[in-house]
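Quick note, the sequences are listed as chains H and A, same order. Just so you know, the working numbering puts 295 at position 284 of the first sequence, and the rest follows in order with no gaps. Just so you know, the working numbering puts 222 at position 193 of the second sequence, and the rest follows in order with no gaps.
Certain hints may be false.
[To be verified] Mimicking DMTMM-like on lysine to aspartate or glutamate, the simulated pairs with C-alpha atoms at most 25 Å apart in a straight line are:
{"id": "1", "chain 1": "H", "residue 1": "K93", "chain 2": "H", "residue 2": "E104"}
{"id": "2", "chain 1": "A", "residue 1": "K277", "chain 2": "A", "residue 2": "E180"}
{"id": "3", "chain 1": "A", "residue 1": "K152", "chain 2": "A", "residue 2": "E139"}
{"id": "4", "chain 1": "A", "residue 1": "K146", "chain 2": "H", "residue 2": "D219"}
{"id": "5", "chain 1": "H", "residue 1": "K231", "chain 2": "A", "residue 2": "D121"}
{"id": "6", "chain 1": "A", "residue 1": "K176", "chain 2": "A", "residue 2": "E222"}
{"id": "7", "chain 1": "H", "residue 1": "K313", "chain 2": "A", "residue 2": "D205"}
{"id": "8", "chain 1": "A", "residue 1": "K177", "chain 2": "H", "residue 2": "D219"}
{"id": "9", "chain 1": "A", "residue 1": "K179", "chain 2": "H", "residue 2": "D219"}
{"id": "10", "chain 1": "A", "residue 1": "K162", "chain 2": "H", "residue 2": "D233"}
{"id": "11", "chain 1": "A", "residue 1": "K152", "chain 2": "H", "residue 2": "E109"}
{"id": "12", "chain 1": "H", "residue 1": "K286", "chain 2": "H", "residue 2": "E28"}
{"id": "13", "chain 1": "H", "residue 1": "K93", "chain 2": "H", "residue 2": "E109"}
{"id": "14", "chain 1": "A", "residue 1": "K111", "chain 2": "A", "residue 2": "D212"}
{"id": "15", "chain 1": "A", "residue 1": "K176", "chain 2": "A", "residue 2": "E200"}
{"id": "16", "chain 1": "A", "residue 1": "K146", "chain 2": "H", "residue 2": "D87"}
{"id": "17", "chain 1": "A", "residue 1": "K177", "chain 2": "A", "residue 2": "D205"}
{"id": "18", "chain 1": "A", "residue 1": "K179", "chain 2": "H", "residue 2": "E104"}
{"id": "19", "chain 1": "H", "residue 1": "K313", "chain 2": "H", "residue 2": "E190"}
{"id": "20", "chain 1": "A", "residue 1": "K162", "chain 2": "H", "residue 2": "E109"}
{"id": "21", "chain 1": "H", "residue 1": "K231", "chain 2": "A", "residue 2": "D151"}
{"id": "22", "chain 1": "A", "residue 1": "K177", "chain 2": "H", "residue 2": "E104"}
[What the hints assert, rightly or not] Distance ranges between label pairs, derived from CB positions:
{"id": "23", "chain 1": "A", "residue 1": "R102", "chain 2": "H", "residue 2": "K306", "range": "15 to 23 Å"}
{"id": "24", "chain 1": "A", "residue 1": "K111", "chain 2": "H", "residue 2": "V316", "range": "57 to 65 Å"}
{"id": "25", "chain 1": "A", "residue 1": "E218", "chain 2": "H", "residue 2": "F235", "range": "56 to 64 Å"}
{"id": "26", "chain 1": "A", "residue 1": "L293", "chain 2": "H", "residue 2": "F235", "range": "30 to 38 Å"}
If you are wondering where the hints come from, they were derived from the structure by calculation, not from laboratory data. As the structure is a computational prediction, the values presented were derived from the model and not from experiment. Ideal Cβ placement from N, Cα and C applies to all residues, glycine included.
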Amino acid sequence: MAAGRLSSKFTPNKIGEWFQQQAKYLVPPAIALIFLLGIWQILCSGAKPPLPPPTKVWQETQEYIWHPFFDRNYFDVNQKEKIDSPARQALKEKVTIEQGLGVKTMTSLRRVAIGYTASAIVGISLGIAIGTNAFLYRAFDPIFQVLRTIPPLAWLPIAMSAFQGVNESLKSVGLDVTEAAALFVIFVTSIWPILMNTAVGVQQVPQDYRNVSRVLRLSKIDYFITILMPSAAPYIFTGLRIAVGLSWLAIVAAEMLTGGVGIGFFIWDSYNSQKSSELILALFYIGVVGFLLDKLIYYISKFTVQSDS
Amino acid sequence: MQTLDLTDNDQKKNQDPFLVIDGVSKVYQTARGPYTVLEDVNLTVYEGEFICVIGHSGCGKSTLLNMVAGFNRPTAGEICLKSKPILRPGPDRMVVFQNYSLLPWMSAFENVYLAVKQVYTDKSKEEKIAIAKKSLELVGLTEAMHKKPKELSGGMRQRVSIARALSIRPEVLILDEPFGALDVMTREELQEELLAIWRENRVTALMITHEIDEALFLADRIVMMSNGPAAHIAEIIDVPFARPRNRKAIADDPRYYTLRNYILEFLYNRFALADDAE
């Protein structure tokens, strides 16, 4: 590098080198994917195949593929008066779908965000409470162990009955019964891993660190902040990571049952309308979003948690 | 109680008892009945002394030191520091743990600063930072002070642990096999450093070790414990070598091997693990 010259990390050489390094992680899965798609294509290429082959899926879902964030209910000039620009009007005439899968995914994700945040706050607080207090642990842990085995959808009927009764209060916060029930299902599914992992993390503070805090006579608050929380953090993040996967699972299932909006409902609706290609594309979206959610929590945890020596 | 006396000069120490272990017993209630770990342990430690406790594994050395530190209480008897009974752990009896016990999410400096902050509550922030930095300088870790424990070698971690203990100027420094996990060369280096720092601070030190050579190099007196259960102090040896201790000079001293063999014989014959005299 000559002195006084601007140099960037993104020279063609460097990018090429980076790709070469990543190649061994990118190429094998790509090959495996092509292989599996090939098998699928072969198995489903007869006259009346059980499922549409990849080529047919690609053909029939073109609009969904190219317009993931299209929403017929959105008007770009004036939302209230439902006025569109000419470009958008043309688009609305060209495209036949109601909403792109991206929009539906966002609807489902919004519900996940609310339910998951609530379960994180309650789960971590309760986890700390039962982890630090032996009596509370002995009192509540057996009950939690039983409750956590109840599958998410089994909570749905009781949630709906219960929320039916408080319909008026729900309306005042802008929720309806199905929405509230879906949020509850996410909450009650994802809280258990968070709660239990937090409780274990809090209990597993190594004796060594507890000894240090006793010798230095750390106050309870100092102990909590400087020793307990950092020590329990890896466990808490494990719980959070498991919970985010379960939340996503729960919302898709709940939407299939409750109907209305979201990508879970889209799957059920496509099945009923016999639009298998769209169903398959929706499955693909769900899988990718689940993967990304997991990676998101993983990278947040790497950023905040200092691992042990 | 026999004593082997090879002292040839009177080392006048402060004759007021500083740390007194008086008739201490420790009994644990187990599922199979009461288990006596220690029985009738008596020891008087004077201010500024360096005492090494030696004995077989499981003889209760750690239990005894834990009681001096305040983690446990004796079942019978009393341990008093400057005539006040020891009831709970505290920074006046700082411990250097065998596993270092450094908080891994904090840097070396922050670990030491945590101790300084807890003890020197009336000093300003700059003064506290200076004290922490000085301690780390004493153990030779000025460049590495902002590294996390996982980035440090075992020897460096133990140095941080020692720095943390000494930064708060405890009355008694308790070391539980501090160099047990280190290789011989690092061990010998750290022994020299520990002595240098001890000389400067003159803190009273109580150390458990398995290494006879280490005890002979570091200690003023060596306390030899019998085997468990119901262990007690079998013998106390005065170490006659002049201070500052010079490893080569000690090795050339004929008394060194007499003492060493005496202790070896104590550990492996009179109180061997396979002893069937009791």
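Evaluation of the provided hints:
1. H/K93 with H/E104: holds (15 Å)
2. A/K277 with A/E180: Violated, at roughly 34 Å.
3. A/K152 with A/E139: holds (17 Å)
4. A/K146 with H/D219: The hint holds at about 20 Å.
5. H/K231 with A/D121: Holds, at about 20 Å.
6. A/K176 with A/E222: holds (21 Å)
7. H/K313 with A/D205: violated (34 Å)
8. A/K177 with H/D219: holds (17 Å)
9. A/K179 with H/D219: Status holds; Cα separation ~16 Å.
10. A/K162 with H/D233: Judged against 25 Å, a Cα distance of about 22 Å means the pair holds.
11. A/K152 with H/E109: violated (69 Å)
12. H/K286 with H/E28: Given pair H/K286, H/E28 is violated - Cα atoms ~44 Å apart, limit 25 Å.
13. H/K93 with H/E109: holds (15 Å)
14. A/K111 with A/D212: violated (37 Å)
15. A/K176 with A/E200: violated (29 Å)
16. A/K146 with H/D87: violated (59 Å)
17. A/K177 with A/D205: Holds, because 23 Å separates the two Cα atoms, which is no more than 25 Å.
18. A/K179 with H/E104: violated (62 Å)
19. H/K313 with H/E190: violated (33 Å)
20. A/K162 with H/E109: Given pair A/K162, H/E109 is violated - Cα atoms ~67 Å apart, limit 25 Å.
21. H/K231 with A/D151: This hinted pair holds, its Cα atoms lying about 20 Å apart.
22. A/K177 with H/E104: Violated, at about 62 Å.
23. A/R102 with H/K306: 15 to 23 Å: violated (51 Å)
24. A/K111 with H/V316: 57 to 65 Å: violated (43 Å)
25. A/E218 with H/F235: 56 to 64 Å: 38 Å Cβ-Cβ, so the 56 to 64 Å window is violated.
26. A/L293 with H/F235: 30 to 38 Å: violated (49 Å)
Hints 2, 7, 11, 12, 14, 15, 16, 18, 19, 20, 22, 23, 24, 25, 26, counting from the list given before, are not met by this structure.
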